[in-house]
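Enquirer: Mind docking chain B with the ligands on chain A? Use the hints.
Protein chains in written order, with numbering that gives the first Met the number 0: chain A, 0 to 386; chain B, 0 to 386.
The reader is advised that the hints may include incorrect statements.
The list that follows gives simulated cross-link-like pairs (lysine-lysine, DSBU-like), each with its CA atoms no further than 35 Å apart [claimed, not checked]:
{"#": "1", "chain 1": "B", "residue 1": "Lys-252", "chain 2": "A", "residue 2": "Lys-9"}
{"#": "2", "chain 1": "A", "residue 1": "Lys-61", "chain 2": "B", "residue 2": "Lys-354"}
{"#": "3", "chain 1": "B", "residue 1": "Lys-128", "chain 2": "A", "residue 2": "Lys-245"}
{"#": "4", "chain 1": "B", "residue 1": "Lys-129", "chain 2": "A", "residue 2": "Lys-252"}
{"#": "5", "chain 1": "A", "residue 1": "Lys-61", "chain 2": "B", "residue 2": "Lys-330"}
{"#": "6", "chain 1": "A", "residue 1": "Lys-129", "chain 2": "B", "residue 2": "Lys-252"}
{"#": "7", "chain 1": "A", "residue 1": "Lys-331", "chain 2": "B", "residue 2": "Lys-62"}
{"#": "8", "chain 1": "B", "residue 1": "Lys-331", "chain 2": "A", "residue 2": "Lys-61"}
{"#": "9", "chain 1": "B", "residue 1": "Lys-62", "chain 2": "A", "residue 2": "Lys-349"}
{"#": "10", "chain 1": "A", "residue 1": "Lys-128", "chain 2": "B", "residue 2": "Lys-252"}
{"#": "11", "chain 1": "A", "residue 1": "Lys-61", "chain 2": "B", "residue 2": "Lys-328"}
{"#": "12", "chain 1": "B", "residue 1": "Lys-128", "chain 2": "B", "residue 2": "Lys-349"}
{"#": "13", "chain 1": "B", "residue 1": "Lys-18", "chain 2": "B", "residue 2": "Lys-330"}
{"#": "14", "chain 1": "A", "residue 1": "Lys-158", "chain 2": "A", "residue 2": "Lys-208"}
{"#": "15", "chain 1": "A", "residue 1": "Lys-8", "chain 2": "B", "residue 2": "Lys-61"}
{"#": "16", "chain 1": "B", "residue 1": "Lys-250", "chain 2": "B", "residue 2": "Lys-208"}
{"#": "17", "chain 1": "A", "residue 1": "Lys-62", "chain 2": "B", "residue 2": "Lys-8"}
{"#": "18", "chain 1": "A", "residue 1": "Lys-354", "chain 2": "A", "residue 2": "Lys-341"}
Hint data in this document are derived by calculation from the structure and do not stem from the laboratory.
Number of protein chains: 2
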Amino acid sequence: MALDEAALKKFGFIPRETKDAINIDPLQTAGKLTEEARRALLEWGDGYSVCDFCGGVLDLIKKPPIEEFVHGALPEFLNIDAVRITHGAREAKFAVMHSIAQEGDYVVMDEVAHYSSVVAAQRARLNIKKVPHSGSPEYMTDVEGYATAIEEVIKETGKAPALALVTYPDGNYGNITDVQRISKICHDYDVPLLLNGAYAVGRMPVDAKKLGADFVAGSGHKSMAASGPIGLLGVRKEYADIVFRKSPTNKNKEIELLGCTSRGATIMTMIASFPHVVERVNNWDQEVQNARWFSGKLEEMGIIQKGQKPHNHDLMFFEAPVFYEISQKAKKGRYFLYRELKERNIHGIKSGLTKYFKLSTFQVGRENLQYVLDSFQSIIEKYENEK
Amino acid sequence: MALDEAALKKFGFIPRETKDAINIDPLQTAGKLTEEARRALLEWGDGYSVCDFCGGVLDLIKKPPIEEFVHGALPEFLNIDAVRITHGAREAKFAVMHSIAQEGDYVVMDEVAHYSSVVAAQRARLNIKKVPHSGSPEYMTDVEGYATAIEEVIKETGKAPALALVTYPDGNYGNITDVQRISKICHDYDVPLLLNGAYAVGRMPVDAKKLGADFVAGSGHKSMAASGPIGLLGVRKEYADIVFRKSPTNKNKEIELLGCTSRGATIMTMIASFPHVVERVNNWDQEVQNARWFSGKLEEMGIIQKGQKPHNHDLMFFEAPVFYEISQKAKKGRYFLYRELKERNIHGIKSGLTKYFKLSTFQVGRENLQYVLDSFQSIIEKYENEK
Ligand SMILES: Cc1ncc(COP(=O)(O)O)c(C=O)c1O
Ligand SMILES: Cc1ncc(COP(=O)(O)O)c(C=O)c1O
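Next comes chain A alone, as it looks inside the complex (with noise of 0.2 Å):
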């Protein structure tokens, strides 16, 4: 590929399709910038803007209020002793398993933990004990089965995994486990506890002292209005010292970070959005709310839910087989149902999943729920009259 001037013509300013469309994808409800944070963005957007303003330790910058956030707001925020932004919520969980564990060592996981958990565990060099779930249609965690898997690591090496990791909720289901639970029997055999919060840091209220968790990992872009990459790590003092050892040679830059991440604007939109993400969070219940309300209109039209019921989250996982049927038929196939609803204005069932689809209604609000429901009702009495 010569970079030529028809070459070049095909980058600069592209247009993103779906800006507009009432975006159901549990990636993107709550990811959703802020007007606080649009503005943010264009007025930060320049390389490395923060910079102007370092001493030499990017958490430690004054004005803008960058301390203040990552070493005030967020620690209260989470409940947790010391917090760092990362680039996301798997770079968080790279940094704990890369920091506490060595080479070899076990990390205990649900089966359910999203692939970035796996992944994350064998950038670590580290080996993998799953603990089941129940199967359909609820795919609960067997909460025990955390002892379960860590005897069994003990049995096989001789020693406690390095961490246990449970996903809160997964990113599936949207299942809330009982992390109180889990983090008791993690602490009886000494082991520290992750929790993934991707979904859940940003949506709903997370206490990390209350749940027992000793890290916490979060996502900025999938949870906290902002833009991406950017997410954070919450760490309890214990374990403070280990993840967030400052380097021998280059006093105050912290080696697990690489001396900073968030050299940009995403920072400053999370700090924009944080104001409007407290009270989200503090309306979750409202969320809760819509989420079953939806979920309940869904089954009247035989579109079943799985997972937890009655439902804790926005994310929600579906079997249609009223869609299935009619995608075996449709002149479209399997690709209708996307194609019927990007008609509709509507985005986020991935294209040609017809018969399991996840979606989520975090602050889309009830009246374009409503018209959502509307939407799936249309499509299905469209293709019933085809019939």
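Expert: Frame of chain A; chain B with the ligands shown alone:
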């Protein structure tokens, strides 16, 4: 810190004081967004925006043309076999060190290496052997010193270092070292060479094959007019399967990248600025001329340029006895220069520095550079008259 209304008021949108200044901070001159990148930032600002179009592998997204950019344009741009997007130059360097070296191995690097190269090696638990420079005034890396350092590692450990790294140019003096000779030396010992091009890629031509670099790290927020954090990693095909190895359990996810990296607006800003970046790289000669002209004018004021001469890069280091002298008597002491420049809307010489400082002339343009020169002159005259 309670997260009440008063506390939250400190966050939200925060204006950026330096936004409209003439910025001569080397960190900032080449990271300033193009108009296209500004538009892309707003368009793609929401959370995981690009993931709306993802089939499972971020760098294979066809529309927007991320695949063509990452797998077509960037390898051509650097003349290297494979490229991936990272969160920055340091993350690219760590990915290389972590994947091709074993804990305890040695990496040889120049003494002028950026701290992030050192910290990346420390994170990967490697030992470092430094190659000295010539000291004041030129600080040129002793090219033949790479052979000496490699020999020393072999003597001490019985095997060659896992990697050599060269900083091109270094971030203090902007020196362009003879990489072709260094790569020849390294390859004679079968040691692969990582080019830290944080200050090169996006500013000046970088031809990995011609230079003999096996790996290239670039920085989007520093040198590619992109919104951070973003960077890139170029890899020669011999090493691509190691660095970009795939997960055994999640077949399409690259372990070292944790599956995906730039899952948001940052990649779209790099793409948006790319046509401009290609053009400015083609005009590199003009930038070098501007740097030399600027340096010559400062020398006429008694401000001495250190590092390579004549200079081959926009990043330059100066010794300014005239400012140091003023600072000894001025009311505001060593902060006088920062404040005087601030009053003149010039930013980028670190607050408190007077005797030694670095700056960059990249893309500042002759007119603004003349204004900076005039400002320096007028500051000198002001304090001379005060004597
Ligand atoms: C449960 C879960 N954890 C973690 C992640 C990854 O988050 P991040 O992109 O911040 O690394 C995801 C992304 O989909 C997820 O679903
Ligand atoms: C020479 C050099 N290399 C690397 C870096 C780090 O670049 P990045 O922020 O992309 O990791 C810097 C930053 O100042 C630098 O000066």
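Enquirer: Each hint: holds or not?
Expert: Status of the hints after comparison with the structure:
1. Lys-252(B) x Lys-9(A): The hint holds at about 27 Å.
2. Lys-61(A) x Lys-354(B): Within the cut-off at roughly 26 Å; holds.
3. Lys-128(B) x Lys-245(A): It holds: about 20 Å lies between the C-alpha atoms, which stays within 35 Å.
4. Lys-129(B) x Lys-252(A): It holds: about 19 Å lies between the C-alpha atoms, which stays within 35 Å.
5. Lys-61(A) x Lys-330(B): holds (25 Å)
6. Lys-129(A) x Lys-252(B): Satisfied, since the Cα-Cα distance of roughly 19 Å is no more than 35 Å.
7. Lys-331(A) x Lys-62(B): holds (21 Å)
8. Lys-331(B) x Lys-61(A): With a Cα-Cα distance of about 21 Å, the restraint between Lys-331(B) and Lys-61(A) holds, given a limit of 35 Å.
9. Lys-62(B) x Lys-349(A): holds (15 Å)
10. Lys-128(A) x Lys-252(B): The given pair, whose Cα atoms are some 20 Å apart, holds under the 35 Å limit.
11. Lys-61(A) x Lys-328(B): holds (29 Å)
12. Lys-128(B) x Lys-349(B): Given that 35 Å is the threshold and the Cα spacing comes to 30 Å, the pair holds.
13. Lys-18(B) x Lys-330(B): holds (28 Å)
14. Lys-158(A) x Lys-208(A): Cα-Cα ~26 Å, so holds.
15. Lys-8(A) x Lys-61(B): holds (15 Å)
16. Lys-250(B) x Lys-208(B): holds (30 Å)
17. Lys-62(A) x Lys-8(B): Distance of about 14 Å is within 35 Å: holds.
18. Lys-354(A) x Lys-341(A): holds (18 Å)
Checked against the numbered hints listed earlier, the structure breaks none of them; every hint is satisfied.
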